[in-house]
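Each chain, letter by letter, is given below.
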Amino acid sequence: MQPDDITRALGPKLGDGLLSVEPFEGTAGRVRFRPESALALFEAVRDDLRFAHCATVGGIDWVDHREVFYVLWSDEAGQYLFLSADVPADAPHIESAASVWPSANWHEREAWELVGITFDHHPDLRHLLMPDGYVFHPLLRSFKLHEPESLEVKSRHV
Amino acid sequence: MSEMWINMGPQHPMTHGLWNLRVKIDGEMILDVDPEMGYLHRGIEKISEDRHYNEVITLMDRCCYVAGFSWEHLYILGAEEALHVEPPERAEYLRVLCDEFQRIGSHLMWYAAFVQDIGLMSPFLYGMRDRDLVLDLFQSYTGARMTYEYMRVGGVRNDVPPGFTDSARKVLDWLTARFPEYDQLCLGSTIFRERCDELGILKAADCVKHGVTGPMLRSAGVKRDLRKDRPYSAYDRLEFDVAVADAADVTARYLVRMEEMRQSVRILRQVLDWLDRHPGPVLADHLPRWLGAPYAPIGNEGYLLKRNYPKGVGFSAIEEPHGEALAYVVNDGGEHPYRVKFRSPVFANISAARQYLVGYHVADIPPIMGSVDVCVGEVDR
Amino acid sequence: MTTPAAQTSAAKPAGAEPYRLEGELPMATQAAVPFIEIETLRAREFIPAAREALSSLIAEQGQAKVIRPVFNWAGRNSLFPLHWGLACCAIEFAAAFGARWDAERFGVVPRSSPRQCDLMIVNGTVTWKVAHKLITLYEQMPEPKWVIAMGNCATGGGPFRTAYSVVPGVDKLVPVDVYIAGCPPRPEAMLDGILKLEELIRERKE
Amino acid sequence: MASQTLYSVSNDLATVLLNGLGSILPGPVRAVVTNPDVIVGLSVLIFAAVLLAASMINTIVLIWWERKLLGRFMDRRGAMHVGYAGLLQNFADGLKLFRKNTFQPREADALGFYSGPLAYMVTSLIIFGILPISSGWNSGALPLTLLLALAIFSFAPLFIFVSAWSSNNKYSLMGGMRSAAQMIAYEVPILLAVVAVVIVSGSFDLSTIVYEQQNYWFWGPLVVALIVFVAGMLAEMERIPFDLPEAEAELVEGWNTEYGGMLFAFFMLADYLRALVGSILVVLLFLGGWTLPSWVPSAATSFPLAGIFWFMVKTYAVFGLFVWVRASLPRVRTDQLLRVGWNRMIPLSLLSIFLAAVLVTVKCLPVFGCVPSMGV
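Protein chains in written order, with our numbering: chain A, 906 to 1063; chain B, 336 to 716; chain C, 3 to 208; chain D, 910 to 1285.
Bear in mind the hints are in silico, worked out from the structure with no lab data behind them. There's no promise every hint is true.
[Said to hold, decoys possible] Derived pair list, reagent style DSBU-like, types lysine-lysine, alpha-carbon separation capped at 30 Å:
#, chain 1, residue 1, chain 2, residue 2
1, A, LYS918, B, LYS544
2, C, LYS174, C, LYS198
3, B, LYS359, D, LYS1079
4, C, LYS147, D, LYS1079
5, C, LYS174, A, LYS1049
[What the hints assert, rightly or not] According to the in silico footprint, chain B covers these stretches of chain D (three or more CB under 8 Å from chain B):
#, stretch
6, 979–991
7, 1232–1243
Beta carbons: idealized from backbone N, C-alpha and C, even for Gly.
Just need the whole structure built from these sequences, with the hints factored in.
What follows is the structure, encoded as structure tokens:
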């Protein structure tokens, strides 16, 4: 499957929700889309392009905005497909893919927890890796790790 | 008896690691489960952002501690793509060697843990005994039993020592002779079949729906193996079959893993023959010194210089012993990776726990979760 | 010991009447004097002295020469570690119980219930999420108990000491007796740590 | 020499001791010391002390035997650094557990929590008072010893359940329930299998049953009963493959999850006491007790205490068989266990009764010689 095929299959359904389809080495391509049309894209990708397996969902903090990416696999095509959407840093939210691919459930919980991207209509958006009540999102660029020395001093005072 | 929730974990003999399975039971029946992860979340993805490309390898060994080589390989493939580096061919074969021995080691560890879950005591010792032989091989060329730091961006750290291939063949011969023994201890036992047949069934459609991969998926009859479907390193030049079974139950997973070990032996014999015939460099020679140095020279002047690598993203997928593992390495031109994202197969396999646990007995939890082969290190990262 | 007997005997003038045999005591007329008090009166001189002598004998001689060494011998030769695995070191912990190293030679048998353990081997990275569970487990173990920090992570955080979720050393949570270096330590190193702990127990003074 | 019992020996010993003591004491005290009641009391004490010491030492050696055997089955060596070949290992374990801090969980019921292990231990010990160990060496002369032994043996589920319930732990509770269900399910086939032995031997007395086996052992003609009995005993002793109540994989330590220190040591000891009783019962009922086949040279049976020696050899061999099973079989599931118990074991034991009845009626065994008549 080539990027052109993907554009041809998705373009009519999504309209301007589909921003671009770039070639990406080792995969069928990288589909950039607007977060508003997420659910329609997911269903189209799953039903029309037959990408039934959602391998992972992740987020990247680009400081001025955040990127959500989905990695999908199709047995028919034997290829991976990347979907990625940019969400604003001040209100990072996108529609949950858990209704389309149930496997996205935990990956979205992790992305919410670590990168701080809210997934709307997620069935069970609670902490997965960090204890309940943890308020930070560690994978943001603004979250700095401790230096060992400062940690030493701090732990002595605890 | 009324319904109640019980916590299995974080300290529980069933878990084989640090996680908590909350189980809602009615008598001995399982009504609902809720896996609770994160007890081993070490922030590997975050620490990687503070480390040089070769330093992340240290973390990868500890990410999945029973399959360190596979995770090294996964990360290295992604980093090489992000940094636009090509390894020499011998290094690729050496990586396959590491991978496949690691698969055997990991499956033996799984075997040891799994048989203990259903109450078989001796095979645990047998599995550990034979795994130690594989670890001895690793030790002979990496110096470590579990945490190797062997692969490098652009190749591997060093070649195997002289005489390695012969001793490796001896280990393979020994293992080949042991496999029927393992089968006899498990499949030959009526109690084993009574316990494991038609247990923990997860059909192919559900597997795909819930992201379950690896031996669990192949035990449901789906012939998906990234070594065949999306060959990396030298796998396209090697002959092997993908192990599949149909029953989708615990016994089927056992069969798939056993067959995978046999196929790994087959691959390894080809790799060892190739290594004997094709000497050569194991590290790409066009690398800058800090990236190509066999041992990372911390404090070296050149090491601390700001590098301006061509920007790029690396995406790699390998068939880990537990399933499909992905790495996504974003390189923004700096000396550290901008973002590293890993996809752990066990993460997805556990997330589907409700699908294959509900409806069975409490006593079935250990064999079912044992057949999933949980490695908490890579789930929590 | 002193309270009831001392008060009642102080009420009576000491030595006013000599102690008599039990059969001659006018029980009927002195019904107010309870039997226990008579016993106490008769044993008044002997019991405290004997008790003191005995206890000092046991404390100084028996405890030091017999009892303590015997129990220390028993304690150090039968260390039951808690059967749990935190991270990488847990695999080497398991390997130490495998056929090649066989930690059971030294009487080390892992038990799953903390109630039956006397040694907690912290074999891996301790995160803040598991910290309170670790403390609970430690408190569930009956005295006397020991802790071994196995590997660099348990000792000081290891390669993850800068991470946001990792406790930099388990000695921030529970008292540690023996530290084992290594990432992960080899099974030999773990056995060596257990033998070091046995030396500690040999010299135990309580 | 007339048949001796351990009790009669201790009675003789007490008589000699107290009479000797009385002869050097003044008159009024002598009358007290040589009083028959005092002699009986002292002989009971001696009897109990000897039994306690013998059974405890045997139990601890049995644990050592299991650990060494298991080690060998698993390609390792087992305990070997404490005492010669690790013989003192279990003494160290016991002493250590004795020293451990004993405590009860906050929500536990103190009465059940403390009395459960004690009662379990005591009932397991009582059985040793009635088991014959060699010809002329009954522990105590009682009729119907077999019945009594099995009756006391079946007390255990009650105490296990009491201690499991009162320790207020979910795992303990589940372990206790499994234990009760399992033991009750396997009492029935055990008793029915024993009936076959009783039919053939014509007695409920263990000494008589052994005496009847002097010509041939019962395991040959009653092989079905032996299989049922051994399987049932495995379940009663809660050993793999029937160790569900202590199933380490799912229930942390089963019903003794909350027990530590000395109470846990009681459970351990009582478990192995029961294992010892089980092995002894197999030897007594099916393997001829202390007798040896006639083709064995007489030198093997003529040395002092030969009967006890061969009896112990057989007991440890039978226990070794149990260990072998433990080393090579996985654990079954509760429902499978109960299904096997009710659906397979009971028909099999009924079959064994039928076979035994046929054997007795036909009065002739082509292979094993004539069956003695009932004689009752």
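Verification of the supplied hints:
Of the supplied pair hints, the one linking LYS918 (chain A) and LYS544 (chain B) holds, its CA atoms being roughly 24 Å apart against a limit of 30 Å. Among the hinted pairs, LYS174 (chain C) with LYS198 (chain C) is consistent with the structure: their alpha-carbon atoms are about 21 Å apart, no more than 30 Å. Distance restraint check for LYS359 (chain B) and LYS1079 (chain D): the Cα-Cα separation of roughly 12 Å lies within the 30 Å cut-off, and the hinted pair is therefore satisfied. A distance of roughly 25 Å separates the Cα atoms of LYS147 (chain C) and LYS1079 (chain D); the hinted pair therefore holds under the 30 Å criterion.
Using a Cα cut-off of 30 Å, the hinted pair LYS174 (chain C) and LYS1049 (chain A) holds, with the two alpha carbons roughly 22 Å apart. Note: the stretch 979–991 of chain D has 5 residues with beta-carbon separation from chain B under 8 Å; the three-residue rule is met and the coverage holds. Counting residues of the stretch 1232–1243 of chain D whose beta-carbon sits less than 8 Å from any beta-carbon of chain B gives 9, enough to reach three: the coverage restraint holds.
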